[in-house]
Amino acid sequence: MDLVSERLNVEDYDEAVELFYERGWTDGLPIVLPTRRRVEAMIAASLRDPQHSLGAVPPKGGPATIEKLAINAVMGGCLPEHFPVVIAAMQAMLEPTHNLNGVLQTTHMCVSLVIVNGPIARRLGFNSRDGVFGNGYRANAAVGRAVRLALWNLGGAFPWDTDKSTLSHPGEYAFCIAEEEEDNPWRPLHVERGCPDGSDAVTVFACEAPHSVFCYGTPEEMLHVLTDSMCALGNNNVHVLGQTLVTLNPLNAEEFARRGWSKADIRHYLWEHARRRLADVRACGVVHEQFRKMERDAGRYPHRYDLDNPTTRLPVTATPDDIHIVVAGGRSYFAAVLPGWGGFGGFAVTRRIEWSS
Amino acid sequence: MELLSPVWPAATASRPAKTRPRALSGIRIALVDDNLDIPFTTHLETLLTERTGAKVRRLVKPSGTAPSPPALLDDAAASDVAVVGIGL
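So the protein lines, in turn, are chains A and B. Residues 1 to 357 (the working numbering) make up the first sequence, in order. Residues 1001 to 1088 (the working numbering) make up the second sequence, in order.
These are calculated hints, taken from the structure and not from any lab test. Think of the CB as a built atom: it goes at the ideal place given N, C-alpha and C, for glycine as much as any other residue. Treat the hints loosely; a few may be bogus.
Said to hold, decoys possible - Chain B stretches covered by chain A per the calculated footprint, using a threshold of three residues with CB under 8 Å from any CB of chain A:
1) 1032-1046
2) 1059-1071
Said to hold, decoys possible - No more than 30 Å apart at the CA atoms, straight line, and that leaves these computed lysine-lysine pairs for DSSO-like:
3) A:K293 with B:K1061
4) B:K1055 with B:K1018
5) A:K164 with A:K60
6) A:K164 with B:K1061
7) B:K1055 with A:K293
8) B:K1018 with A:K164
9) A:K60 with B:K1061
10) A:K293 with A:K164
11) B:K1018 with B:K1061
12) B:K1018 with A:K60
Next comes chain A alone, as it looks inside the complex:
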């Protein structure tokens, strides 16, 4: 296999790990060593030309070739069968709609979450149940970290340099979940977003870390607490609209479905009710007000909301379809809300996982 990457000769594991730290090629954790044998096995699983590029990774524009992605996937702990998921995630993030350049450099704390759907999730051991946003599962951890290492080494947005996130969140190490599709009464996310039933896909969405929502009871009670959680005044979305991810646990979903609620019904209800009065929003200060005016002047904030009337109730997204719903986590009292970056980007993009070139 013809590979073009620079060869590095080291004596042993310890020297290799320290070399990667010295050169700034890792995220703060030790890596799996990208030997030629491991990298070639990764590339072979993709059935693609090693020099095929998926595009330039912002902000510095390093080409995301299959070879470079494979090296970073090895470093992150991936097995060859994980690699098509990493490729699909990178393809999705490089879609202009996601605005990866902005996501990687904004002062906001959003990070691109990878959501895996389809039979592959169960087959490769992705966690979609208890502890779904946490640790303990190789597929979630390795795919999540491989994506982050590829962004790190090919895009070069470092926290001391062009990554301007003032707080960020722990998902910058790895941020990958699967949707629970068996214990789920509804169509999965990727099918809702246009993929065929039974297909494999990833969806990327740049968002804050999960906000816990104590969510249990009747649909009306669950919606009551979800709407309140979605429109906290600290969210960008309250000020400049955007997208939001709502994660319902399988018990929540079962209760909604049992009472006849579809995901579309929930989405519409949340959009109608997760609102704040303009007077409350204005009380946040002049900077917030300025951002909203800026978005209005640029034509990105709908004119149907009267921004001179303090009783106007402002939504958190422009449409119900900007509220994404997935089913994941343990059957319990807890759901989660993950607000996006606002109207600036990081929007959800879904891409099918391809098993050949």
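With the hints as your guide, set chain B onto chain A.
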């Protein structure tokens, strides 16, 4: 043990810098509008025009949070001076 590098080699070539103009009067200034604070940018455009006597061309980015398209960069590079970032 042989390993493979996860990064691309650093670029060695860089564009030569343009000669700094001695004065702003009469020169061409490209004002890259990042499409965020439009009233502020309009005010800046007016001030630059009125106070310096420069010929100001406003080039509007499609999005303030995404990179400028290559054609816009080429357009800005054809001017004597370009304002490419406005802090908010």
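Taking the hints in turn, this is what the structure says about them:
Residues of the region 1032-1046 of chain B lying with their CB closer than 8 Å to a CB of chain A number 5, which satisfies the three-residue condition for coverage. Here the region 1059-1071 of chain B counts 5 residues with a CB under 8 Å from a CB of chain A, which clears the bar of 3, and the coverage holds. About 18 Å separates the Cα atoms of K293 of chain A and K1061 of chain B, which keeps this hinted pair within 30 Å; it holds. With a C-alpha separation of about 18 Å, the suggested pair K1055 of chain B and K1018 of chain B falls inside the 30 Å cut-off, and the hint holds.
At most 30 Å may separate the alpha-carbon atoms for a hinted pair to count; K164 of chain A and K60 of chain A meet this at roughly 14 Å. Of the supplied pair hints, the one linking K164 of chain A and K1061 of chain B holds, its CA atoms being roughly 21 Å apart against a limit of 30 Å. Annotation: proposed proximity of K1055 of chain B to K293 of chain A holds, straight-line Cα distance about 29 Å (limit 30 Å). Distance hint between K1018 of chain B and K164 of chain A is fulfilled; the C-alpha atoms sit about 29 Å from each other, no more than 30 Å.
In summary, the hint linking K60 of chain A to K1061 of chain B is supported, as the alpha carbons are separated by about 19 Å, within the 30 Å threshold. Between K293 of chain A and K164 of chain A the CA atoms are separated by roughly 24 Å; this keeps the pair inside 30 Å, and the hint holds. Between K1018 of chain B and K1061 of chain B, the direct Cα distance comes to roughly 23 Å. Compliance with the 30 Å bound is thereby established for this hinted pair. At roughly 22 Å between alpha-carbon atoms, K1018 of chain B and K60 of chain A fall within 30 Å of each other, so this suggested pair holds.
Going through the hint list in order, the structure satisfies each hint without exception.
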